[in-house]
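Counted the way the numbering used here counts, the sequence shown spans residues 5 to 109.
Simulated from the structure, these hints should not be mistaken for laboratory data.
One should not assume that every hint holds.
Unchecked claim - Using 20 Å as the maximum straight-line C-alpha spacing, the simulated SDA-like pairs for lysine to any residue come out as follows:
#, residue 1, residue 2
1, Lys58, Ala10
2, Lys58, Pro76
3, Lys58, Gly79
4, Lys58, Ser33
5, Lys58, Thr39
6, Lys58, Asn72
7, Lys58, Gly99
8, Lys58, Leu26
9, Lys58, Tyr46
10, Lys58, Leu36
11, Lys58, Leu108
12, Lys58, Thr37
13, Lys58, Ser43
14, Lys58, Ala70
15, Lys58, Thr44
16, Lys58, Phe24
17, Lys58, Ala80
18, Lys58, Ala32
19, Lys58, Asn109
20, Lys58, Val13
21, Lys58, Ser41
As the list claims (entries may be wrong) - Pair ranges (Cβ atoms, derived):
#, residue 1, residue 2, range
22, Ser33, Leu108, 17 to 23 Å
23, Gly14, Leu47, 29 to 35 Å
24, Phe29, Ala67, 17 to 23 Å
25, Asp65, Thr42, 16 to 22 Å
Predicted, not measured: the structure shown is a model, and the values here were computed from it.
All C-beta atoms in this analysis are idealised placements derived from N, C-alpha and C, irrespective of residue type, glycine included.
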Amino acid sequence: GNPNAALFVGSMQTAGSGVFHLGAFGMASNVLTITTSTSTAYLHNGVFWYFVDKQSFGFADSANVALNAADPTSGAYRLSWNACYPNPGCTPPGGYRSGNFRGLN
Numbered sequence: 005g006n007p008n009a010a011l012f013v014g015s016m017q018t019a020g021s022g023v024f025h026l027g028a029f030g031m032a033s034n035v036l037t038i039t040t041s042t043s044t045a046y047l048h049n050g051v052f053w054y055f056v057d058k059q060s061f062g063f064a065d066s067a068n069v070a071l072n073a074a075d076p077t078s079g080a081y082r083l084s085w086n087a088c089y090p091n092p093g094c095t096p097p098g099g100y101r102s103g104n105f106r107g108l109n
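Model the full structure from these sequences, guided by the hints.
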């Protein structure tokens with residue numbers, strides 16, 4: 005894709021509802037950049053992003069994260085997806101949390 009394109013990452017209120025619960029925009033080149041820290045997300049466009057390869061992907065309202073397969077840190081403005089496939093024993097890829105709703109995968 006185009007690295008200069010804007011990218012929206014979000015979660016629906018309920019499956020098939022057509023209403024977003026939480027979301028953020030960023031440039032694809034920033035949002036999809038592989039990061040390495042499991043404790044610090046990186047600021048871009050007013051949101052803190054992370055994409056630890058074969059581990060987790062998402063955003064938060066602060067730089068503090070606690071990444072494993074996803075971010076369990078408290079906060080209503082956090083979205084975290086498991087991105088650990090194909091690691092053995094990994095939770096299948098998908099959305100772990102949307103705000104305070106967790107265990108969604």
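So, going through the hints one by one against the coordinates:
Annotation: proposed proximity of Lys58 to Ala10 is violated, straight-line Cα distance about 23 Å (limit 20 Å). Taking the CA atoms of Lys58 and Pro76, the gap is near 17 Å; set against the 20 Å cutoff, the hint holds. Distance hint between Lys58 and Gly79 is unfulfilled; the C-alpha atoms sit about 23 Å from each other, more than 20 Å. Under the criterion of a C-alpha separation no larger than 20 Å, the hint pairing Lys58 with Ser33 is consistent with the structure, at around 18 Å.
At most 20 Å may separate the alpha-carbon atoms for a hinted pair to count; Lys58 and Thr39 meet this at roughly 11 Å. Only pairs whose Cα atoms come within 20 Å are accepted, and Lys58 paired with Asn72 is accepted, the gap being roughly 10 Å. A C-alpha spacing of about 14 Å is found between Lys58 and Gly99, which places the hinted pair at or below 20 Å, so the restraint holds. Among the hinted pairs, Lys58 with Leu26 is inconsistent with the structure: their alpha-carbon atoms are about 23 Å apart, more than 20 Å.
Restraint check for Lys58 and Tyr46: satisfied, since their Cα atoms lie roughly 18 Å apart, inside the 20 Å limit. Taken as a hint, the Lys58 and Leu36 pair is honoured in the structure, with Cα atoms around 13 Å apart against an allowance of 20 Å. In summary, the hint linking Lys58 to Leu108 is supported, as the alpha carbons are separated by about 19 Å, within the 20 Å threshold. A C-alpha spacing of about 13 Å is found between Lys58 and Thr37, which places the hinted pair at or below 20 Å, so the restraint holds.
Distance check on the hinted pair: Lys58 and Ser43 sit about 16 Å apart at the alpha-carbon level, within 20 Å; holds. Annotation: proposed proximity of Lys58 to Ala70 holds, straight-line Cα distance about 15 Å (limit 20 Å). With a C-alpha separation of about 17 Å, the suggested pairing of Lys58 with Thr44 holds against the 20 Å cut-off. Between Lys58 and Phe24, the direct Cα distance comes to roughly 26 Å. Violation of the 20 Å bound is thereby established for this hinted pair.
Our distance criterion of 20 Å between C-alpha atoms is broken by Lys58 and Ala80, whose separation comes to about 25 Å. Simply put, Lys58 and Ala32 have alpha-carbon atoms about 19 Å apart, close enough for the 20 Å limit, and the pair holds. Between Lys58 and Asn109 the alpha-carbon distance is near 16 Å, which keeps this suggested pair within the 20 Å criterion. Simply put, Lys58 and Val13 have alpha-carbon atoms about 18 Å apart, close enough for the 20 Å limit, and the pair holds.
The straight-line distance between the Cα atoms of Lys58 and Ser41 is roughly 13 Å, inside the 20 Å bound, and the hint therefore holds. Remark: the range hint 17 to 23 Å for Ser33 to Leu108 is contradicted by a beta-carbon distance near 28 Å. A hinted range of 29 to 35 Å is violated for the C-beta pair Gly14 and Leu47, which are about 19 Å apart. Checking the proposed 17 to 23 Å range against Phe29 and Ala67 shows it holds: the Cβ atoms sit about 18 Å from each other.
The supplied range of 16 to 22 Å is met by Asp65 and Thr42, whose beta-carbon atoms lie about 18 Å from each other.
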